[in-house]
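Just so you know, the sequences run in chain order A and E.
Each residue of the first sequence is one higher than the one before, starting from 8 at the first, in the numbering used here.
Each residue of the second sequence is one higher than the one before, starting from 8 at the first, in the numbering used here.
Any given hint could turn out to be false.
Because identical chains share one entry, a pair is satisfied inside a single copy or across any pair of copies.
[What the hints assert, rightly or not] DSS-like cross-link-like pairs, simulated, lysine-lysine; straight-line CA separation at most 25 Å: (1) Lys194 <-> Lys298; (2) Lys98 <-> Lys194; (3) Lys259 <-> Lys298; (4) Lys165 <-> Lys203; (5) Lys165 <-> Lys259; (6) Lys27 <-> Lys118; (7) Lys194 <-> Lys165; (8) Lys203 <-> Lys98; (9) Lys259 <-> Lys27; (10) Lys298 <-> Lys165; (11) Lys98 <-> Lys158; (12) Lys98 <-> Lys165; (13) Lys259 <-> Lys98; (14) Lys259 <-> Lys194; (15) Lys27 <-> Lys203; (16) Lys298 <-> Lys158; (17) Lys298 <-> Lys203; (18) Lys118 <-> Lys194; (19) Lys98 <-> Lys298.
Hints listed in this document are in silico derivations from the structure and should not be mistaken for laboratory results.
Protein chains: 2
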Amino acid sequence: MAGKRGKEQPGEDALIERIKTILGPPGPPVRVGIGDDAAALCESADDSETLVTTDLLVEGVHFNLEWASPYQVGWKAIAASVSDIAAMGGKPTAAVVSVGARPRAREYFIKSLYEGIAAACERYGVVIAGGDTVRSDRAIVNIAMLGRARKNRAILRKGAAPGDIILVTDTCGDSAAGLQILSLFPKSEITIPFMKRLINRHLAPEPSLAAGLAASASLAPTAMMDLSDGLAVDLPRLTARSGVGAVIYEEKIPTSPDLRAWARRSDVSFASFAVRGGEDFNLLITASASKVDDLERNIESAGTRATRIGEIVSRERGITLVSSSGEILPWPEASFLHF
Amino acid sequence: MAGKRGKEQPGEDALIERIKTILGPPGPPVRVGIGDDAAALCESADDSETLVTTDLLVEGVHFNLEWASPYQVGWKAIAASVSDIAAMGGKPTAAVVSVGARPRAREYFIKSLYEGIAAACERYGVVIAGGDTVRSDRAIVNIAMLGRARKNRAILRKGAAPGDIILVTDTCGDSAAGLQILSLFPKSEITIPFMKRLINRHLAPEPSLAAGLAASASLAPTAMMDLSDGLAVDLPRLTARSGVGAVIYEEKIPTSPDLRAWARRSDVSFASFAVRGGEDFNLLITASASKVDDLERNIESAGTRATRIGEIVSRERGITLVSSSGEILPWPEASFLHF
Numbered sequence: 008m009a010g011k012r013g014k015e016q017p018g019e020d021a022l023i024e025r026i027k028t029i030l031g032p033p034g035p036p037v038r039v040g041i042g043d044d045a046a047a048l049c050e051s052a053d054d055s056e057t058l059v060t061t062d063l064l065v066e067g068v069h070f071n072l073e074w075a076s077p078y079q080v081g082w083k084a085i086a087a088s089v090s091d092i093a094a095m096g097g098k099p100t101a102a103v104v105s106v107g108a109r110p111r112a113r114e115y116f117i118k119s120l121y122e123g124i125a126a127a128c129e130r131y132g133v134v135i136a137g138g139d140t141v142r143s144d145r146a147i148v149n150i151a152m153l154g155r156a157r158k159n160r161a162i163l164r165k166g167a168a169p170g171d172i173i174l175v176t177d178t179c180g181d182s183a184a185g186l187q188i189l190s191l192f193p194k195s196e197i198t199i200p201f202m203k204r205l206i207n208r209h210l211a212p213e214p215s216l217a218a219g220l221a222a223s224a225s226l227a228p229t230a231m232m233d234l235s236d237g238l239a240v241d242l243p244r245l246t247a248r249s250g251v252g253a254v255i256y257e258e259k260i261p262t263s264p265d266l267r268a269w270a271r272r273s274d275v276s277f278a279s280f281a282v283r284g285g286e287d288f289n290l291l292i293t294a295s296a297s298k299v300d301d302l303e304r305n306i307e308s309a310g311t312r313a314t315r316i317g318e319i320v321s322r323e324r325g326i327t328l329v330s331s332s333g334e335i336l337p338w339p340e341a342s343f344l345h346f
Numbered sequence: 008m009a010g011k012r013g014k015e016q017p018g019e020d021a022l023i024e025r026i027k028t029i030l031g032p033p034g035p036p037v038r039v040g041i042g043d044d045a046a047a048l049c050e051s052a053d054d055s056e057t058l059v060t061t062d063l064l065v066e067g068v069h070f071n072l073e074w075a076s077p078y079q080v081g082w083k084a085i086a087a088s089v090s091d092i093a094a095m096g097g098k099p100t101a102a103v104v105s106v107g108a109r110p111r112a113r114e115y116f117i118k119s120l121y122e123g124i125a126a127a128c129e130r131y132g133v134v135i136a137g138g139d140t141v142r143s144d145r146a147i148v149n150i151a152m153l154g155r156a157r158k159n160r161a162i163l164r165k166g167a168a169p170g171d172i173i174l175v176t177d178t179c180g181d182s183a184a185g186l187q188i189l190s191l192f193p194k195s196e197i198t199i200p201f202m203k204r205l206i207n208r209h210l211a212p213e214p215s216l217a218a219g220l221a222a223s224a225s226l227a228p229t230a231m232m233d234l235s236d237g238l239a240v241d242l243p244r245l246t247a248r249s250g251v252g253a254v255i256y257e258e259k260i261p262t263s264p265d266l267r268a269w270a271r272r273s274d275v276s277f278a279s280f281a282v283r284g285g286e287d288f289n290l291l292i293t294a295s296a297s298k299v300d301d302l303e304r305n306i307e308s309a310g311t312r313a314t315r316i317g318e319i320v321s322r323e324r325g326i327t328l329v330s331s332s333g334e335i336l337p338w339p340e341a342s343f344l345h346f
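Same shape as in the complex, but just chain A (with noise of 0.2 Å):
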């Protein structure tokens, strides 16, 4: 959707404002446009709106065909769009698939990546539809997935205030370490179980759709996005839509045992993997002090975690982080880690 991939394209941000002109406002059935994780639409007469969300990966810029396999290039599309879907509080429904394949390694293609995209899509309840298949000279996929909300009840990008508390679910950094591992060893000599495991996180991730439905249950969040590009370049996107700043205290910032002894043996400390990884899809939530027991509550039953990472201000007050050690940090620079 919109808004994401920001780590490859700098001033994509200014690129979309651009497109919004050119469009103008969008009419009915479009009640939520471009520039959230993805779009509301009202057509039905019941209590229901339609989500729907599009996303393109092309060879070389999202995917590596040395480091993940066909089959996982359709699971991660899968996934990155059905956590498009979760971050609205939606339930996937359906989707189409569009991709292109070059010509001589179409067969193999075009089945692996379909066996991963079936494998996906029976792990989160969504029906392939349709499709269409080309040919191109590098790889593509294009997945473009509906969901369902309740009617004008998607969790949007706007809506956190002041005095709301900033939560994410699950832990933050893995997919990026699990990047840095595949860019430094070739892939048949990672053995050691937790780079496995961080590898697999990058190149297989889950999506936090469970997380996202008990959240939209539980009524309290204000804002919900996922973090596809990391918090880094994710949290400005909501406090700008929000018109809000915030405060994020590093040493909260949920992380795995495999993330720290990863970071432990990198140049790179797990709090930056944490702050400026992207690709986790976890979900950045705001709720206010009064529901977020509920909030926690909720996803808690969902068998995921939310942990508390810092509070909602006023716009005036922009966005700090607080290192561990106390000191307060201007918001890191909006680039997501290259290896």
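Please build the complex by placing chain E on the supplied structure of chain A, with the hints as guidance.
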């Protein structure tokens, strides 16, 4: 949508069958899955169903930026998707757009592309709900479009029965003639009006939305699809899905004065353009003999024309072409005219 662009990928229809095997039969909410112009989803309690289609266009495969401006690429991308929705008898509502652009040409390309998208969307009543922009070393455009049709009444490729009349809307072959002209002359030297009109039919086609809606309202069509790859390729898709054969009378296929003017100067017969040319985005319709008058009247009221070009026969009789001289020919090879 799956099933298109066969001209570029021999064996694509076989590949689609393999994908269907991997995915298994689609469950709810999908009522019509892979293999038609668009998919149909039953999600809402009212009397409508959701249509969805996806279409991937890659620079150098589907468009050439030396011939087409980004504006025209944007227009045509929307037009092709509207045509898929129209071919189901539906009305397009909203679309999401994925764009890949070269970093250096990004600003201009995306601005001009979206201006073409916006113009086509205004023309056909489509609202852009969202998008994704990424970097790529080739321009890429994917449109996923939603539409509505009456519940359980989307018009499919299957349903044609022996005795049905076969019709096409508008004329056939103009787009292919325009493509040939572009391939023969520098664009700046093409000044003759009929040649410019043919080029325009290729670069900025108009989908048969009004005709599709009129056909649907008549309740007459037994099957319908859009001609994106040309009669030679697309008719066998309709007959295969319907389990029937067909007889087509070459001299009845409607062609424009512009095409006939070009054919007199070209080494290709106008009938060959009409049978083999793709991307006219007109409609191929079958209707029972008792209802075909209603169908024609409705389509004429919508400001266009439907022409009877043949009949559906039993599957055993296959597909034959009756030439202008009365000769019964085998159906032409499913290869698009390449220039």
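When no copy is specified for Lys98 and Lys194, does a C-alpha distance of 25 Å or less occur within a copy, between copies, both, or neither? This pair counts as neither: shortest intra-copy Cα distance 35 Å, inter-copy 49 Å.
Please work out whether the CA atoms of Lys98 and Lys165 approach to 25 Å or closer within one copy, between two copies, in both situations, or in neither? Only inside one copy: Lys98 and Lys165 sit 20 Å apart there, 32 Å across copies, limit 25 Å.
I want to check one pair: Lys27 and Lys203. Are their C-alpha atoms no more than 25 Å apart within a copy, between two copies, both, or neither? Neither. Shortest intra-copy (42 Å) and inter-copy (33 Å) distances fail the 25 Å Cα cut-off.
Could you place Lys194 and Lys298 in one of the four classes (within, between, both, neither) given a Cα distance threshold of 25 Å? neither (45 Å within a copy, 64 Å between copies)
25 Å Cα threshold - placement of Lys165 relative to Lys298: within (18 Å within a copy, 53 Å between copies)
With identical chains treated as interchangeable, where does the CA-CA distance between Lys259 and Lys27 reach 25 Å or less: within a copy, between copies, both, or neither? neither (36 Å within a copy, 47 Å between copies)
Can you give me the call for Lys98 and Lys298, within, between, both or neither, at a CA distance of at most 25 Å? Cα proximity of Lys98 and Lys298: one copy only (22 Å, versus 43 Å across).
State whether the alpha carbon distance between Lys298 and Lys203 is at most 25 Å within one copy, between copies, both, or neither. neither (38 Å within a copy, 65 Å between copies)
Is it within, between, both, or neither for Lys259 and Lys298, if the alpha carbons may be no more than 25 Å apart? within (20 Å within a copy, 71 Å between copies)
As a check of your reading, is Lys203 near Lys98 (CA-CA no more than 25 Å) within one copy, between copies, both or neither? neither (30 Å within a copy, 49 Å between copies)
Measure nothing new, just compare the shortest in-copy and cross-copy C-alpha distances for Lys298 and Lys158 to 25 Å and report within, between, both or neither. Classified as within; 21 Å inside a copy, 41 Å across copies.
Alpha-carbon proximity context of Lys27 and Lys118, limit 25 Å: Result: close only across copies, 11 Å inter versus 37 Å intra.
Hint compliance for this structure: hints 1, 2, 4, 7, 8, 9, 13, 14, 15 and 17 are broken, all remaining hints hold.
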